[in-house]
Amino acid sequence: MPSEVYFYVPNLIGYLRVVLTIVSYYFFFSVPALFLVLYVAAFVLDAADGQAARALGQSSKFGALLDMITDRAATAGFVILLTHLDLDENLIFALVLVSGLDLCSHYARMYASGGIAASHKSTATTRNWFLRTYYNSRLLMGALCVGQDFWYATIYARHFYPKVPLIKEIQMVAFPLMVLKQVCNVIQMAEAMQDVVAVDDKERAKK
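Mapped onto our numbering, the consecutive letters of the sequence shown carry residue numbers 1 to 207.
Source of the hints: derived by calculation from the structure; they are not laboratory data. Keep in mind that a hint or two might mislead.
[What the hints assert, rightly or not] Distance ranges between label pairs, derived from CB positions:
hint: 1; residue 1: Asp88; residue 2: Val19; range: 43 to 51 Å
hint: 2; residue 1: Val179; residue 2: Ile69; range: 19 to 27 Å
hint: 3; residue 1: Leu16; residue 2: Met193; range: 34 to 42 Å
hint: 4; residue 1: Leu34; residue 2: Ile170; range: 13 to 21 Å
hint: 5; residue 1: Gly100; residue 2: Gly142; range: 19 to 27 Å
hint: 6; residue 1: Thr83; residue 2: Leu34; range: 33 to 41 Å
hint: 7; residue 1: Pro176; residue 2: Asn128; range: 41 to 49 Å
hint: 8; residue 1: Ser3; residue 2: Val197; range: 35 to 43 Å
hint: 9; residue 1: Lys206; residue 2: Leu85; range: 29 to 37 Å
hint: 10; residue 1: Phe62; residue 2: Ile92; range: 32 to 40 Å
These numbers come from a predicted model, not from an experiment. For each residue, glycine too, the CB sits at the ideal point set by N, CA and C.
Whole structure, please, built from the sequences with the hints as guidance.
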């Protein structure tokens with residue numbers, strides 16, 4: 001019999017997020033409005049699975065892994081599709097850079113935190129005050145994550161709906177939040193690298 005962990009409510013929400021994201025990609029070029037609805041719905045459910053896990057006492061390492069993989073894969077897929085639009089080459093460079101930094105920093109933190117033994121959101125060994133505040137404050141984390149994804153979404157929306165009002169204004173609000181998210185990513189990756197090197201130094205000292 002499969003483990004009941006697979007059927008925890010937050011994990012079922014996670015599976016739904018995966019399905020919505022994949023289906024949204026299918027409509028990326030053909031039906032922009034439907035893509036936005038499906039992608040944003042998958043993004044909003046990211047908050048719902050965490051709330052469900054805490055409310056139902058169904059937090060799990062599998063759920064944490066599923067959540068992180070879904071977040072990173074959804075963003076990376078969105079950026080890959082965006083690079084196929086007729087966008088400014090400097091903007092495409094920024095998109096790839098931001099997406100790569102996001103992927104690398106989260107992998108580095110998870111590796112440095114012990115992989116399966118601890119969540120990458122744990123702040124037990126976090127030294128930087130800003131990064132510690134980011135992971136301890138759901139409001140701050142939510143704002144920066146929303147800012148990053150909405151920056152991507154407004155780039156897409158402005159390409160297909162250049163005359164729709166408020167999209168540019170939303171992008172202007174999202175941009176500084178996205179930048180702060182990248183500051184977190186840089187700090188996160190640098191701290192993770194330092195932690196891994198510290199382990200190397202300890203192992204070398206034993207020889």
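Hints, verified against the model:
no., hint, in the structure
1, Asp88 x Val19: 43 to 51 Å, "violated, 33 Å"
2, Val179 x Ile69: 19 to 27 Å, "holds, 25 Å"
3, Leu16 x Met193: 34 to 42 Å, "holds, 35 Å"
4, Leu34 x Ile170: 13 to 21 Å, "holds, 19 Å"
5, Gly100 x Gly142: 19 to 27 Å, "holds, 23 Å"
6, Thr83 x Leu34: 33 to 41 Å, "violated, 21 Å"
7, Pro176 x Asn128: 41 to 49 Å, "violated, 20 Å"
8, Ser3 x Val197: 35 to 43 Å, "holds, 36 Å"
9, Lys206 x Leu85: 29 to 37 Å, "violated, 53 Å"
10, Phe62 x Ile92: 32 to 40 Å, "holds, 35 Å"
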